[in-house]
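In order, the protein sequence lines correspond to chains F and R.
In terms of this note's numbering, the first sequence has 74 at position 74, counting the first letter as 1, and numbering is strictly consecutive.
In terms of this note's numbering, the second sequence has 65 at position 65, counting the first letter as 1, and numbering is strictly consecutive.
Treat the hints with care, as some may be off.
[Claimed, not checked] In silico negatives: residues of chain F with every beta carbon more than 10 Å from chain R:
| id | residue |
| --- | --- |
| 1 | Asn307 |
| 2 | Gly341 |
| 3 | Asp405 |
| 4 | Lys504 |
[Claimed, not checked] With a straight-line Cα cutoff of 30 Å, these simulated DSS-like cross-link-like pairs (lysine-lysine) come out:
| id | chain 1 | residue 1 | chain 2 | residue 2 |
| --- | --- | --- | --- | --- |
| 5 | F | Lys130 | F | Lys229 |
| 6 | F | Lys329 | R | Lys87 |
| 7 | R | Lys92 | F | Lys504 |
| 8 | R | Lys86 | F | Lys109 |
| 9 | F | Lys229 | R | Lys86 |
| 10 | F | Lys510 | R | Lys86 |
| 11 | R | Lys86 | F | Lys537 |
| 12 | F | Lys537 | F | Lys521 |
| 13 | F | Lys394 | R | Lys92 |
| 14 | R | Lys87 | F | Lys394 |
| 15 | F | Lys521 | F | Lys364 |
| 16 | F | Lys510 | R | Lys87 |
| 17 | F | Lys462 | F | Lys394 |
| 18 | R | Lys86 | F | Lys399 |
| 19 | R | Lys86 | F | Lys143 |
| 20 | R | Lys92 | F | Lys521 |
| 21 | R | Lys87 | F | Lys205 |
| 22 | R | Lys86 | F | Lys493 |
| 23 | F | Lys194 | F | Lys205 |
| 24 | F | Lys357 | R | Lys87 |
No lab work stands behind these hints, which were simulated from the structure alone.
Beta carbons: idealized from backbone N, C-alpha and C, even for Gly.
So you can see what is in the structure, the chains are spelled out below.
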Amino acid sequence: MAPLLTQVCSEVNGALQRRDGVFLASILAIEPPFTPIYEQLIVGLRATYPANTNDAIGRLERDIRAIVGETEESEDADGRPVPRWGAMVTFLASWMAFIRDVDVLNLLKTYEDLSELIQRGNAALQHTPKGVLLLPTLVGYAKIFARIAVGVEKRPELIQHLLGPVNQEGGRESLAEKAANVVRQCFITCLSDKATAPGGIRNSKPDGKKAGVYKMANICLKILFQSDKLDNCTAIFRNINNSAPPLHFYPASERVTYLYYLGRHLFANTDFYQAQLVLQKAYDDCTSDPRCRHQKSLILVYLVSANMILGRFPTEHIYSQPEAYGFRKIFSPIAQAIRRGDIESFRRLTSMNVTSKDAVLLRKFRVFYQIGHYCEVLIWRSLFRKVFLLTGHKGTTEKSAPTLDLNAVLAAFQYLEKRAIMTPAIARAEFGPGRRPATFAPEDFMASTYIDPDFEGVEDAKPYNHMPDIAEVECICSSLITQGFLNGFISHKMNRFAIQGARKVGSASKAGFPNAWEVIKATNVEAGQNEVEGWVKEIRQQGGPNVIRLASARPAGS
Amino acid sequence: MSASAQGSTATTKAVVDDKNKNGETDKDKKPAAQLEEDDEFEDFPIEDWTEEDTQIPGGTTHLWEESWDDDDTNEDFAVQLKEELKKLGHGK
Numbered sequence: 001m002a003p004l005l006t007q008v009c010s011e012v013n014g015a016l017q018r019r020d021g022v023f024l025a026s027i028l029a030i031e032p033p034f035t036p037i038y039e040q041l042i043v044g045l046r047a048t049y050p051a052n053t054n055d056a057i058g059r060l061e062r063d064i065r066a067i068v069g070e071t072e073e074s075e076d077a078d079g080r081p082v083p084r085w086g087a088m089v090t091f092l093a094s095w096m097a098f099i100r101d102v103d104v105l106n107l108l109k110t111y112e113d114l115s116e117l118i119q120r121g122n123a124a125l126q127h128t129p130k131g132v133l134l135l136p137t138l139v140g141y142a143k144i145f146a147r148i149a150v151g152v153e154k155r156p157e158l159i160q161h162l163l164g165p166v167n168q169e170g171g172r173e174s175l176a177e178k179a180a181n182v183v184r185q186c187f188i189t190c191l192s193d194k195a196t197a198p199g200g201i202r203n204s205k206p207d208g209k210k211a212g213v214y215k216m217a218n219i220c221l222k223i224l225f226q227s228d229k230l231d232n233c234t235a236i237f238r239n240i241n242n243s244a245p246p247l248h249f250y251p252a253s254e255r256v257t258y259l260y261y262l263g264r265h266l267f268a269n270t271d272f273y274q275a276q277l278v279l280q281k282a283y284d285d286c287t288s289d290p291r292c293r294h295q296k297s298l299i300l301v302y303l304v305s306a307n308m309i310l311g312r313f314p315t316e317h318i319y320s321q322p323e324a325y326g327f328r329k330i331f332s333p334i335a336q337a338i339r340r341g342d343i344e345s346f347r348r349l350t351s352m353n354v355t356s357k358d359a360v361l362l363r364k365f366r367v368f369y370q371i372g373h374y375c376e377v378l379i380w381r382s383l384f385r386k387v388f389l390l391t392g393h394k395g396t397t398e399k400s401a402p403t404l405d406l407n408a409v410l411a412a413f414q415y416l417e418k419r420a421i422m423t424p425a426i427a428r429a430e431f432g433p434g435r436r437p438a439t440f441a442p443e444d445f446m447a448s449t450y451i452d453p454d455f456e457g458v459e460d461a462k463p464y465n466h467m468p469d470i471a472e473v474e475c476i477c478s479s480l481i482t483q484g485f486l487n488g489f490i491s492h493k494m495n496r497f498a499i500q501g502a503r504k505v506g507s508a509s510k511a512g513f514p515n516a517w518e519v520i521k522a523t524n525v526e527a528g529q530n531e532v533e534g535w536v537k538e539i540r541q542q543g544g545p546n547v548i549r550l551a552s553a554r555p556a557g558s
Numbered sequence: 001m002s003a004s005a006q007g008s009t010a011t012t013k014a015v016v017d018d019k020n021k022n023g024e025t026d027k028d029k030k031p032a033a034q035l036e037e038d039d040e041f042e043d044f045p046i047e048d049w050t051e052e053d054t055q056i057p058g059g060t061t062h063l064w065e066e067s068w069d070d071d072d073t074n075e076d077f078a079v080q081l082k083e084e085l086k087k088l089g090h091g092k
């Protein structure tokens with residue numbers, strides 16, 4: 001037997017006897033540089049169990065089994081039989097083979113070997129009742145594994161010499177997904193631990209392998225988010241929803257990390273109201289420790305974006321927080337444009353062809369398109385309101401409703417949309433003090449140059465710039481009414497929007513233009529959006545029937 | 001034997017992370033509070049904390065402005081719009 005092997009195996013056995021998973025994890029190190037004692041162990045392993053011999057692993061397993069008696073069949077304190085833990089012997093042999101062969105310069109091989117080691121570990125993790133002792137070890141391995149997978153994904157040039165000069169088909173892309181699947185197996189093992197207290201919670205703490213549920217889920221989510229595989233996250237959130245213990249029993253770092261990913265997932269799926277709920281909780285529960293500012297800042301990027309889309313703007317109070325450094329410059333002009341109904345400024349800030357530093361940053365965070373697209377309805381509402389304030393009619397008699405001429409709204413839309421496609425210099429020049437509005441010439445416009453290649457050279461093919469007409473404005477108006485942002489009706493014949501309930505409320509603008517956030521919130525609450533899939537708040541009884549909601553079910557025979 | 005290679009976590013990271021030749025990350029050069037392009041949500045350096053540790057100066061009661069309608073018809077944008085609408089015959 002290799003020198004030191006007996007000592008290591010005895011240490012492992014001792015840790016298992018003492019049920020000390022954390023100490024076990026400290027023994028089963030996998031990352032170089034190793035301490036001298038490990039270097040000696042590796043030298044011994046290479047001499048006694050060389051990599052290129054067929055029976056090395058078999059002999060290793062036999063020698064390990066001889067010392068690590070804890071892997072043998074036994075009885076627990078209550079006299080119940082504990083089955084043999086053969087998978088642990090295989091895992092320990094694989095660990096030794098791993099440290100014997102590891103070469104961090106060969107990232108792909110490290111990735112592959114570690115993938116196999118974790119899978120062996122997962123097999124050992126499944127043992128009841130001892131598998132749970134391996135949980136801290138596997139969480140540590142999974143974190144390193146995620147780092148390698150994400151690192152390879154982000155820095156393909158590091159493994160280019162390993163991949164060969166030609167990109168192998170999908171090889172690089174599938175690496176991260178494969179990695180997530182390997183960790184996901186461990187996650188499922190934790191999730192499906194049947195040997196825990198009812199609901200997976202004992203003395204207000206996660207019990208058994210359930211303690212690893214959110215740790216493993218977060219590692220999977222990290223890999224998937226870093227490699228842009230957001231679609232694959234749905235299964236994890238669904239698994240959690242179906243069988244995980246409530247989130248609030250877990251340590252703060254796990255809770256906040258998990259809620260960040262859940263919130264981002266909801267944001268990416270345009271479930272902004274739910275994203276806001278989840279991210280607000282993540283923000284509220286995140287530590288204010290300066291060392292964690294980057295995490296808090298990331299949470300805030302998505303929380304602010306979701307809120308803006310929902311009609312709530314950041315206050316000075318948020319902007320003054322250390323994690324919000326730089327936010328005012330980015331978000332405040334957009335909020336200001338929405339507030340005023342200033343479509344021109346809004347387009348200049350959010351059009352897809354904007355290349356400012358802030359726009360690039362928002363694109364990088366994947367909130368740019370969402371803000372530009374989903375805030376549009378808010379700016380429509382603001383412009384209708386502004387035109388009403390500037391031109392609206394109170395109503396000729398006391399009983400008649402206040403009205404807004406849709407032709408005036410159309411004029412405002414056309415005026416601002418035209419300015420939005422002018423070069424900024426021309427748009428500015430058009431409005432200096434004492435200047436008269438200029439007549440538009442084609443060369444004053446920026447966006448009017450695109451011709452689809454299919455039509456290039458075709459006679460009379462002209463670039464298209466969309467300008468709303470009265471039908472579209474009426475359409476926007478009815479859309480705003482349907483969504484609850486405007487309160488009233490359209491007189492199609494007169495092209496006017498009439499406000500309802502102005503006398504009762506005492507203000508035409510209040511009655512006609514309900515608070516946007518209140519409208520959005522009420523709609524979402526009514527649609528049951530306060531319940532978020534993936535955010536478990538209550539203990540479910542194991543083995544009990546799932547609750548089936550019958551509120552929306554039709555009566556039999558209907 | 002439990003004294004495993006402490007600090008070894010840096011090794012793989014050094015291979016795969018964004019480090020330049022001098023071994024410093026790009027992040028090291030930027031002010032800590034700057035909103036960075038880096039969208040990686042790193043592991044928290046602390047495992048657990050109390051509610052007290054989450055408090056922000058001034059509390060979390062007024063983070064969002066819910067009533068933001070702009071009634072000012074005398075600011076530049078409104079004045080310009082009003083002028084344009086008047087020109088087209090849409091005045092009060």
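So, going through the hints one by one against the coordinates:
1. Asn307: violated (6 Å)
2. Gly341: At about 8 Å from chain R, glycine 341/F fails to clear the 10 Å cut-off, so the statement is violated.
3. Asp405: violated (6 Å)
4. Lys504: holds (19 Å)
5. Lys130/F x Lys229/F: Violated, because 34 Å separates the two Cα atoms, which is more than 30 Å.
6. Lys329/F x Lys87/R: violated (35 Å)
7. Lys92/R x Lys504/F: Roughly 23 Å between the alpha carbons, so the hint for lysine 92/R and lysine 504/F holds.
8. Lys86/R x Lys109/F: Answer violated: lysine 86/R to lysine 109/F is near 73 Å, above 30 Å.
9. Lys229/F x Lys86/R: violated (53 Å)
10. Lys510/F x Lys86/R: holds (24 Å)
11. Lys86/R x Lys537/F: violated (57 Å)
12. Lys537/F x Lys521/F: holds (21 Å)
13. Lys394/F x Lys92/R: Holds. Lysine 394/F to lysine 92/R sits at ~10 Å (cutoff 30 Å).
14. Lys87/R x Lys394/F: Distance of about 21 Å is within 30 Å: holds.
15. Lys521/F x Lys364/F: Roughly 28 Å separates the two Cα atoms, so the pair holds.
16. Lys510/F x Lys87/R: Within the cut-off at roughly 28 Å; holds.
17. Lys462/F x Lys394/F: With a Cα-Cα distance of about 43 Å, the restraint between lysine 462/F and lysine 394/F is violated, given a limit of 30 Å.
18. Lys86/R x Lys399/F: This hinted pair holds, its Cα atoms lying about 27 Å apart.
19. Lys86/R x Lys143/F: The given pair, whose Cα atoms are some 65 Å apart, is violated under the 30 Å limit.
20. Lys92/R x Lys521/F: violated (34 Å)
21. Lys87/R x Lys205/F: violated (71 Å)
22. Lys86/R x Lys493/F: Holds - the C-alpha atoms of lysine 493/F and lysine 86/R are around 23 Å apart, at most 30 Å.
23. Lys194/F x Lys205/F: Cα-Cα ~16 Å, so holds.
24. Lys357/F x Lys87/R: It is violated: about 37 Å lies between the C-alpha atoms, which goes past 30 Å.
When each numbered hint is compared with the structure, violations occur for hints 1, 2, 3, 5, 6, 8, 9, 11, 17, 19, 20, 21 and 24.
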